[in-house]
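Put chain D on the given structure of chain X with help from the hints.
Protein chains: 2
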Amino acid sequence: MRLSRYFLPVLKETPAEAQIVSHRYMLRAGMIKQASAGIYSWLPMGFKVLRKIEDIIHEEQIRAGHIPLLMPTIQSADLWRESGRYDDYGQEMLRITDRHDRDLLFSPTAEELITDIFRSHVGSYKDLPLTLYQIQWKFRDEIRPRFGVMRGREFYMKDGYNFDLTKEAALHAYNRHLVSYLRTYERMGLQAIPMRADSGPIGGDDTHEFLVLAETGESEVFYDSAITDLKFGDRQIDYDSVEQCQAVLEEFTSRYARTDETHDEALFNEIPEDRRRVARGIEVGQIFYFGTKYSEPMGATVVDADGNRVPVHMGSHGIGVSRLLGAIIEASHDDKGIIWPEGVTPFHCGLVNLKQGDEAADTACQAIYASLTAIGLEPLYDDTAERAGAKFATMDLIGLPWRITVGPRGLKNGVVELTSRRTGASEELPPEHAIARIAAIYGKASA
Amino acid sequence: MRLSRYFLPVLKETPAEAQIVSHRYMLRAGMIKQASAGIYSWLPMGFKVLRKIEDIIHEEQIRAGHIPLLMPTIQSADLWRESGRYDDYGQEMLRITDRHDRDLLFSPTAEELITDIFRSHVGSYKDLPLTLYQIQWKFRDEIRPRFGVMRGREFYMKDGYNFDLTKEAALHAYNRHLVSYLRTYERMGLQAIPMRADSGPIGGDDTHEFLVLAETGESEVFYDSAITDLKFGDRQIDYDSVEQCQAVLEEFTSRYARTDETHDEALFNEIPEDRRRVARGIEVGQIFYFGTKYSEPMGATVVDADGNRVPVHMGSHGIGVSRLLGAIIEASHDDKGIIWPEGVTPFHCGLVNLKQGDEAADTACQAIYASLTAIGLEPLYDDTAERAGAKFATMDLIGLPWRITVGPRGLKNGVVELTSRRTGASEELPPEHAIARIAAIYGKASA
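Here the protein sequences come in this chain order: X and D. Going by my numbering, the first residue of the first sequence is number 732, and it counts up by one from there. Going by my numbering, the first residue of the second sequence is number 732, and it counts up by one from there.
Honestly, the hints are just simulated from the structure, not real lab data. Relax, there's no trap hidden among the hints.
Identical copies carry no separate label here, and so any pair may be met within one copy or between two of them.
Straight-line C-alpha distance at most 25 Å; calculated BS3-like pairs for lysine-lysine:
| no. | residue 1 | residue 2 |
| --- | --- | --- |
| 1 | 857 | 743 |
| 2 | 764 | 857 |
| 3 | 1067 | 764 |
| 4 | 1086 | 857 |
| 5 | 743 | 1086 |
These numbers were taken from a predicted model, which means no experiment stands behind them.
The shape of chain X in the complex, shown without the other chains:
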């Protein structure tokens, strides 16, 4: 993309309403714009990152054998009356009346609707196991929305639901989700620690939250520092294997890690003192096993091998998609701006022309741009007439992990500059070497 043809409305000033760094940088980098309290428009660069995160989640869910579908945002109140949650949910539920005076609501989660889909179409244990999920906009009418997309009212969420014949099978689905979430967050450059949590209005006993450590986190967390050494890495997992998924769960949850809701001081004090950590964390996902809480009242049953009709065992599993952008920025930034991990960066690299209009510089930039594009990468080429300092400030603010800088002086020596946003380290090298380096970083075959 050429910057002169893009819509990237960066702000010079820090907006007064933004209290945390991710909110400030998302506004300043032209990623979002508030439409009304807690409700945002995703400007082109924000939308681009949102889609990248969404794509990673889809890929990892499908890899785990889960099946995507899409439920509507507007749902009938009747279904929620069946489960008893219409009255329980309180004022966070956005309640709506249509022109025929029917009670509707903007879905804050979808246990009821997915259970209705299941009971309408599935009748036999032979159709199990089954895990269905969606990535869809949700609404919670927060009394005091704040922190930008971290605690918005309209938010994007992945919510998945497993249906299993037995508790054991449902716990395997639970473990499978834990594994797929570890992979998912790592691909986004995040370390998200599964912590024993409280189930809240979803219900159930077994639940883990995934927390990203960050000073601005809303939760206080207590953990054994040994847990931050764990990496999922690129290990291969057979998601059908009960043993393999169980082993990952044990590896990642056997050490103490809890939020303040479930914190147990006595247990915590059993950790060697030098490994006890108290910090703050941002919740980016949660998994639940809740048994027959919805299937029983709503009649979601299957006939088992003995011919008996039994309610299915269920769980639900969520990832806060839109809030992940905030969490990633909280975890990865400096005082100049965002530092995107390679897995989610909106553009693979920046390309700065130090002297737009200089024939050699323009030609070299166009050639580099064409080469990067040809190998399937997407550079952001600053082809504007801005001065170099302003171009660098914008690139630092928007946080592309790599930058190629092209100027007449370097070209005379046959070199351009390759700069890492994370370390700030720069290196002079011939254009084709810079291209090969970027290609290698993103696992692309260089032409």
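Below, chain D without anything else, positioned relative to chain X:
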């Protein structure tokens, strides 16, 4: 995908509520399920087609130089009061009150919000031309929703907005949209005819609707049959070229083609009698130029080259994404079920094992499945224990354009059967030839 692990709840009976063929087949093929009146869940296969259509639209919009973003579904009433449409819109607008008694609405379209984004961030003619678009869920509280996704209340729509300095530039944007829409529909296997239309509540004088001819269309259409000979094909267009875009507009709109709203009997009668056609059509898109209708009252201005502040010229351009599934099925089906065009088919081909459990058949199917997957194609492998007749009926109903049938008898002679869903023609050939044929159809390099 293996059918035994998928969620494809096909129905044997025709649902009584479905009056038109696309609605019937979408329900029977397990693509959608009604959640409440005019509101649908998109079951896995329906969601898959929806995403393919969405991806085509994104690709063609980006090719035309338009920039994607995403606006929220819930918007503040205040913005709509500024343009005067809050009161004008009537009961089709879903009006909502939040916990703080603020007036909100579920967006039926987004001229106001995009204009607000524009006026907040753009101030100079140098930032023009600019076209921003989104693909987002909308809501219109239809008094009598019907015909499935063709006239639903919650629907998926691409809506794009151009901002230009002059009327001439805005008309180029209009033409550019017309060209990109022609390409878009053709890639979906549709012939959508641009017809002079009425602007309705959007406003403006210049507007064309795109209509797909189908007996069940909601509009009566009148056209010169010569228009159906026009094909966009794979011609290359420079979207920046005013002349090239104008030439396409003239080619595709110079012949008589109008809906009943703008029909002119006298003009129609000037066409040679043997080319006059009266038929029915389904509206799948519409483009508008409306000048300064929103920019003037909302203060969306730029400073021009002479230093004067002038309101921008705008247009908006929509494609009915969710309704396109219905339109494609209305245009492409037979009495056995859907016939997907290759561009939007949920799976590239079906793979039917005539004798699941037979070692030779199972092995051959797995090998074919692996080969197709390896070249980037997605087959749907019916690996269930159903009898052959039922497997064929399901494949015909869900309408994958190609089917490979594998049975022990054929394998003894070294052949499988390749069947075209559209023509019904079958051919026996060695498995590797069948794979090569499917690869060629979808433009993939065969291994």
